[in-house]
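Q: These are the residues of each chain, in order.
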Amino acid sequence: MNLEPVVQNLVFGLFVGGLYGIAAVGLSLVFGVMKVLNVAHGSLVMLGGYATYWAFTSYGIDPFLALAITAPLLFLLGLALNLGLFRFVTRLPEDDKIKNSLLISFGLTLVFENLAIRLWTADERAVQTSYSGEGFTVADIVFPYTRMSGLVVALAAILILHVFLTRTYTGKAIRATSQDWEAASLMGIDVQRTYVLAFALGTALAGVAGALVAVGYTVTPAIGLAWTLKALVVVVLAGMGSIMGAFGAGILLGEAEALSVYAFGASYREVVGLVLFILVLLVRPQGLFGRR
Amino acid sequence: MHIWAWGIMLDVHAISVAYGDLQALWEVSLRVQEGEIVVLIGPNGAGKTTLMRAVAGLQPPFRGRILIDGWEAQGQPPHRIVERGVVLVPEGRRLFPGMTVLENLEMGAYGRNPRRLREATLRRVYEIFPVLHERRDQAAGTLSGGQQQMLAIGRALMSLPRLLLLDEPSLGLAPLVVRDIFEVLRQVNAQGVAVLLAEQNAQMALELAQRAYILEQGRVAAEGAAQDMLQADHVRKAYLGQVSPIVEASK
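If you're matching them up, the sequences are chains F and A in order. Numbering of the first sequence is given in the working numbering, commencing with residue 256 and proceeding in unit increments. Numbering of the second sequence is given in the working numbering, commencing with residue 35 and proceeding in unit increments.
This is chain A alone, in the form it adopts within the complex:
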């Protein structure tokens, strides 16, 4: 018997997901508490994106349950899940390239409640990302990679989420920009938004998060406090292995 407890925002319980005949996740379980930052690390093809898509409603599991505040989310369409305060910033950002920055942000506030409050939210998002205000009338497709990622996050914030799912937000971005993005995540989290982050950049992600899950070949290989993970042998070897000698020497 599975019991839902207070404070658990997202409770993924033993889900299995397949694309046709190809199974991508095997009885994966994961929890995110209110206000927590949880990071999901693992190699390419481990199923991080699939897990994110399953939670967001894009790739329903064929077995297992997904509870959002105790509400059965598996099999629900994505727009219902957004209504419950869980929003995904997908891999590759997936902006609406032909629409302006402002229009992209407006789309983020599509739901009834977010739409009512959108002017106030918009001001908040512009405060976090001043560059989006400067570029508000520009087509989203013409922004730089970093700015596009900021827009993708800003657009997600427009839906007034309580849990923000981010799939590889640092992909293809310069280290300095990645630092900015992570700083924003810290800031957003400080305002009470829980974060579930799938990340290749394990070092930075583990430093940001409270807890971590390691996904390997579609299964949870390890879970625990992010601090412990930074120390764990297995993690150091597999995900934090490439410590450059120059960085070592400079310490």
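Here chain F stands alone, though its shape is the one from the complex:
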């Protein structure tokens, strides 16, 4: 039996999985800390993609270098969204909080999608760098440069987030707030400020994911909900609130999809994630890395 197509699929699965992971980590961070489901997360990924595209076509900035601009830009957008909208939701009791946050973020999805159509039209966009389509080959397995760099960027972003959450006082306050916000407030942590920071970080991570989408795949104004769904599946796989677990689950989903493409053909690709989703909910409702 020829193993080469299997290995090649696994390699691509890893690249895609890294992207799923980075898209899901932002959503998981926001959900875990604020207990708010931001359905517009995928739209933020989309905006990150367009920001990268715009920096590249208008100013010729390399998409990976552009992260130094796009990530802070999305961070600021996250700050604005929280201070302007979500801040009023997070003070509500648990039930109203989840309902109202769903309404607001669904609304935002529509707003961002139509805004993107006006600004960039509904055409598919992608960043074509001079090294797009090139790569190196090891034992007949192809490693495209853009995808490789994308995975490295995703890993770096996760590593930075991990160090921030485990080594700094502010990062630990974010974890404390996600585990028990009332107790956190009794420690002297300003919970509302922690929410603002977590949301802005989640948005910046969406921006990073968006940049990787623009480089490796295509961006259209309509991809928002699809990315939200993908990220949501990954977050549930990992366990709600397991921030680092989301990255692992992303890789897992990427590999599962890749293997299914090999085994059943590309048309069943989307089914795999949902089947996994249901299986995990049945067998391990707290998620793969969740605590109960």
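No lab work stands behind these hints: they were computed from the structure. Ideal Cβ placement from N, Cα and C applies to all residues, glycine included. Warning: the hint list may mix true and false statements.
[To be verified] Facing chain F, from chain A, some residues (calculated, C-beta under 8 angstroms):
1. Ala90
2. Pro111
3. Arg128
4. Pro131
5. Met141
6. Gly142
7. Leu242
[Said to hold, decoys possible] Label-pair ranges, simulated between beta-carbon atoms:
8. A:Gln172 with F:Leu410: 25 to 35 angstroms
9. A:Ser178 with F:Leu529: 39 to 49 angstroms
10. A:Arg150 with F:Ala377: 47 to 57 angstroms
11. A:His167 with F:Tyr424: 54 to 64 angstroms
Guided by the hints, dock chain A onto chain F, whose structure is given.
A: Same frame as chain F, but now just chain A:
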């Protein structure tokens, strides 16, 4: 006209608290002086926890005032109240289970001033609870009940409080462990920290405290010196009633 006097750290003045349509406290007043131990006893559902949460800023009163050293604390968020030196060890301990013992303690010293002094405070807390030093890198969720309560108290001490509020610290703990915890409270108080303690274990609590309040159905039913309470008929019957015959015989 309500007058604030020197030496009164916490002055709860006629507060009423409600959860939605359900009123839990009715014009409750209570005072804690500097360095004092005050105990709050009463049956389940009397409003002890609500009163504690109101003082800590988690459940703001809809009427009445809460003064901390004369500063209007009602309606302030919890983190502002911690800054003023009043910290709550909540019912059920409420640790951060996925974080290590040391991280939990660090969170206790979150405020600017406590954070600056945290190494010294940490040494002090480890002196009081050596077991927390032994287990510093262990996840808080894996500690035993008694150790978790010690961590909850240690974490509160990290904020350098002048008034420590404790809500049912003995709940679910073995009698020997409860004795240790009460001994620690005595020790902490000896260092000048005032204590307001809500407790089911009325006998031990009254022996520890100088003054006591009895809360019944959301109102203060009685208040006075803890010694007198130990003697009072009403208190003996309602809260110290179950004197085991074996203990009686052994006297």
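Q: Now tell me, hint by hint, if it's right for this structure.
A: How the hints compare with the structure:
1. Checking A:Ala90 against chain F by beta carbon gives a least distance of about 6 angstroms; that is within 8 angstroms, so the hint holds.
2. Interface restraint check: A:Pro111 against chain F, minimum CB-CB distance 7 angstroms, threshold 8 angstroms, status holds.
3. The interface hint given for A:Arg128 holds, since its Cβ lies 4 angstroms from the closest Cβ of chain F, which is under the 8 angstroms cut-off.
4. A cut of 8 angstroms between beta carbons decides the hint on A:Pro131: the least distance to chain F is about 6 angstroms, and the hint holds.
5. A cut of 8 angstroms between beta carbons decides the hint on A:Met141: the least distance to chain F is about 5 angstroms, and the hint holds.
6. Because the closest C-beta pair between A:Gly142 and chain F is about 6 angstroms apart, less than 8 angstroms, the hint holds.
7. Interface restraint check: A:Leu242 against chain F, minimum CB-CB distance 23 angstroms, threshold 8 angstroms, status violated.
8. The hinted window of 25 to 35 angstroms between A:Gln172 and F:Leu410 holds, with their beta carbons roughly 29 angstroms apart.
9. Between A:Ser178 and F:Leu529, the C-beta spacing of about 42 angstroms keeps the proposed range 39 to 49 angstroms intact.
10. The given range of 47 to 57 angstroms is respected by A:Arg150 and F:Ala377, whose C-beta atoms sit roughly 56 angstroms from each other.
11. Taken as a hint, the range 54 to 64 angstroms is violated for the pair A:His167 and F:Tyr424, whose Cβ atoms sit roughly 21 angstroms apart.
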